[in-house]
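Student: If you want the building blocks of each chain, they are given just below.
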Amino acid sequence: MTKAGDWQSYQRVLLPPVRNLHHLDAYRAQGGYDILRTIFNDWKPEDVTQCVKKSGLRGRGGAGFPTGLKWSFMPPANPAVPRFLCCNADESEPGTFKDRQLMEFNPHLIFEGILIACFAMSMKACYLYVRGEFSSWITLLERELACAYDANLVGTGMLGTNVNMDIILHKGAGAYICGEETSLMESLEGKRAYPRIKPPFPAQQGIWGYPTTINNVETLACVPLILDRGADWFAGVGAQTHPGPILYGISGHVNRPGVYEYPTGMLITDLLEIAGSMRGGKKLKALVPGGASVPVLRADMIEGVTMDVESLRAAGSMMGTAGMLFLDEDTDMVAFLRRVARFYHHESCGQCTPCREGTGWMENLITRIDDGEGNLRDLDLLLDLCDQMEGRTVCALADAAAWPVRNTIKRFRNDFEKRCRPAVWAGVA
Amino acid sequence: MPHVIIDGHIYEFEGKPGLLQFCLDHGIELPHFCYHPSMSVPANCRQCLVDVGAPVRDRASGEIQTHEDGNPVIRYFPKLQTSCSHVIADGQVVHTARTSKKVARAQQDTLEFLLINHPLDCPICDQAGHCPLQIQAYKYGPEGSRFEFQKVHKPKKVKLGPRVVLDAERCINCTRCTRFTDEISKSHQLTIIERSVKNYPITPPGVTFDEPYSMNVIDLCPVGALTSADFRFQARIWELASAPSIAPANAKGSNCYLWTRDNLVLRITPRHNPNVNEYWLPDEDRLVYHRFNANRPLGPQVRGAGGTLCEATWDDAFRAAADVLAKAGERTVFIASAFATVEDNWLLLQLAQSLGAEIAGYIEHIEPGHGDGWLRTDDRTPNSEGCRRLGLMPVDAVVLRARLAAGAIGALYVLEDDPIAAGLCSVEDLGDVPVVLHYYNTTNETLHAAQVVLPAAMVAETIGTFVNEDGHAQRVVPAKAIRDTNRTLMMQMGLSRADRHGTPFDRWHNEAHYVNCKPSWELLPEVARRLGVDLQHGGPRRIMRKISEKLPAFEGATYEVMGLQGVLLPERVAEEAPENA
Ligand SMILES: Cc1cc2nc3c(=O)[nH]c(=O)nc-3n(C[C@H](O)[C@H](O)[C@H](O)COP(=O)(O)O)c2cc1C
Ligand code: SF4
Ligand code: SF4
Ligand code: FES
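In order, the protein sequences belong to chains Z and A. When you read off a place in the first sequence, starting at 1, and then add 58, the result is the number in our numbering. When you read off a place in the second sequence, starting at 1, and then add 2, the result is the number in our numbering.
Keep in mind that the hints were calculated from the coordinates and are not lab data. Quantities reported herein were computed from a predicted structural model and do not represent experimental measurements. Watch out, some of these pointers could steer you wrong.
Facing chain Z, a subset of chain A residues (Cβ under 8 Å, in silico) [unchecked claim]:
{"no.": "1", "residue": "151"}
{"no.": "2", "residue": "197"}
{"no.": "3", "residue": "201"}
We treat Cβ as the ideally placed atom computed from N, Cα and C, and that holds for glycine.
Only chain Z is shown next, with the shape it has when bound in the complex (with noise of 0.2 Å):
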């Protein structure tokens, strides 16, 4: 078992429960940017990356990164080269709202953890990509972004010392593909936002093809808490090898959807329990425990399953995003597979041939199915389309688009074949 059992004595650091917090004020009479202040004064740059490094902080953005080991990923520093942190607040996969509620309720503790993370690594700039529809909490950013440069938290000489340091507020136009880094970095320099191939990896040649580090929103709002708290007490919260406090952001048929702050490897039944349960005392059908690109659990596999790396897998799942989504009995999963199918189909950037033409042919074989129109064999052409797109393509949205299609069938395969047209009709003789 993890250690999350005592979720019901948790303290929220993420988004604890302090009213104004998205205010300076507010923000700093909580002792914020306090630990920015020593670290500044007190701290060597290695020894920050081995503090976050100690903690097992896993990246928040979908691929669960080690995110120590990702910044020691940096060449030495040289003066004569720029290198640049760059924050990606593109939050878009469906299913997963839980940056945004940092930047709503918590923008400081973002703010924080970018200049930490940017001392670290000798950086004095940091690019916060932030998707183009979040424009309330851009003109939020924007505002307390301002604020902190007015208190010399943020730019030139900052906190006194001679460090300078700039974040630079970057609106997206509002493509799931640019939350991908290495076409997120193409879109921020004013480019079509096409992935990049790696090697070279964005530590080598990332924005302006100067060494990078990209991070999610919530990988760096942890960075505070680890510096200010201790990496033994981040280590200590939640799952083992894949500890600290998380947000899960829990939609679907439950009473009580929404962001909910708990540590690591929580049940997903407590998880569950805590969104108020299914709706109308519906049983549980399906579960999507990770954002819309993980593979679907049935509620039979589901049984002692917790909210980490190592037991999302050996159920068959992964961790993703954390972004939950609860389907109940009645839910069609043709239509639900339906729906994913296309928004897959629809930010393509189209780049490679397997994504471009796959989604949509996967899309148009979908809808045929749903639409009662389908065949048996179709669905056999489904799961050789997914053969066709994975591991083939320059970033991972094809692999993204071919999951879900592959583990809906292969896991609720009834619920396909009974809306496909017999292979024999019944009757002809």
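Please arrange chain A with the ligands on chain Z, whose structure you already have, making use of the hints.
Tutor: Relative to chain Z, chain A with the ligands alone:
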């Protein structure tokens, strides 16, 4: 030396070669679309996938681990790799579709995807017959399609600019065209719009695709999505023959192919030459071909008693020209040509010398501001550097007019140019001075003032050498036949092209497409012979050999050395005068 094993064969390599280019350089075929050697590598078509493995090294010792039989342990990459973006490392093992079912299947799958929304309108597509998509679909693609839906519809017949037409449905989104405008020509006039399967390239709002290099995207496009407004629907590719040549519209001497059908040049495309034009050809060099076909003379003419030009036999015309020269003697002034080959200008020098007459120089055709430091030059002629290396200088118009006015000129002999249109002199300036003219087109304005006019073969019909502004000597071979039976020209034509020109027994054969002209290297000796001067030379190949031996400025420029890629001549000493000029 480091080595790589491809399909079981060992190849040695140096440096850090890209796998796809390495394979292509070693004659290993790998299907691909988006890769182009001189542009960035987006690896987006996913057609060039291969299976790559690397030897496993022992962590501690760094030694390569081996099996019991002594062969190294190979660990394969978990995913297939795009060979275009893969950099070869020592000891790696590569499997192409020939030795890996997985790769063959992946390539087949990609082609299935590429074809589902492709209109498959090969029967009416200009690209059919030399279409990478068509060729690879036959070779590596699936049989039939499992796609049972309405194909995606996109704009067709979009005029991107004056010279390029887009059929977006045929596009396979390889981004070669947009990368060309971003990275090579830097005009940024094309971009991909829309998303997913609706993607296609187009100009940004308010922009016309009119850059001077726009037509290169037609050659780059691996399908028939981008076609030439000019050549569109003119010919099927298998009806055409091509001949390597030199583009004549400027002094860069870009290498090109002239494509002919039924003895008409129908289009011009670039020919790769890393020392001159790489893969590219400006639009102006492509659109000159009309000159080869239209307004060509019917035959030699001599001005008759009534003052009009009358048809004459070649023999009569030569004799008339010789008469003019004989009368004027050393008061004849010769004008060389930067449109003509080195060989022709050389013969002109010989003729002038034998008469003790003078060569005024060649006529310059400079268009200030036209050059761009790349493949277009201010100089609009292909061979002014060749003329200068023969010791010829631009004609001084003021001096020439003064001498004409003073009655110091007995006759003017003009090689392949148009002094009146060029503004060198007017009909009035010429007065009664008889003019012998070698010319290409009936639009030549000097025809009005000429006494004897001799139709000359153009670059598409002759053999000869041009020197570009950088001192690169390059030769041309005939792409189309002239009416005359000329063994030297026919030898250089190549047999296959004679088939395409047809014989009088073919129904589509059109005699009118055979121009009644002769190369100047035949015209000049004929005129000379009638003056009792022997200019026999044994063909342009021998002339060039002689020139390369006699003139240091042409050292080494024999046909054998020039081949199809030309040769860089020694630096020219500015005031060098040829010994026998
Ligand atoms: C198609 C696609 C979309 C993505 N969208 C997002 C996103 O909206 N927000 C995000 O933080 N990461 C997104 N990612 C993950 C990023 O590429 C990257 O892994 C992440 O920002 C790294 O941050 P982390 O290490 O802090 O998790 C996406 C990845 C893919 C393949
Ligand atoms: S996988 Fe899809 S979204 Fe990603 S780069 Fe390729 S086409 Fe674009
Ligand atoms: S138009 Fe041709 S060159 Fe341009 S992207 Fe499409 S297929 Fe490639
Ligand atoms: S050639 Fe297109 S992916 Fe390699």
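Student: What are the numbers of the hints the structure violates, in ascending order?
Tutor: Result: no hint breaks.
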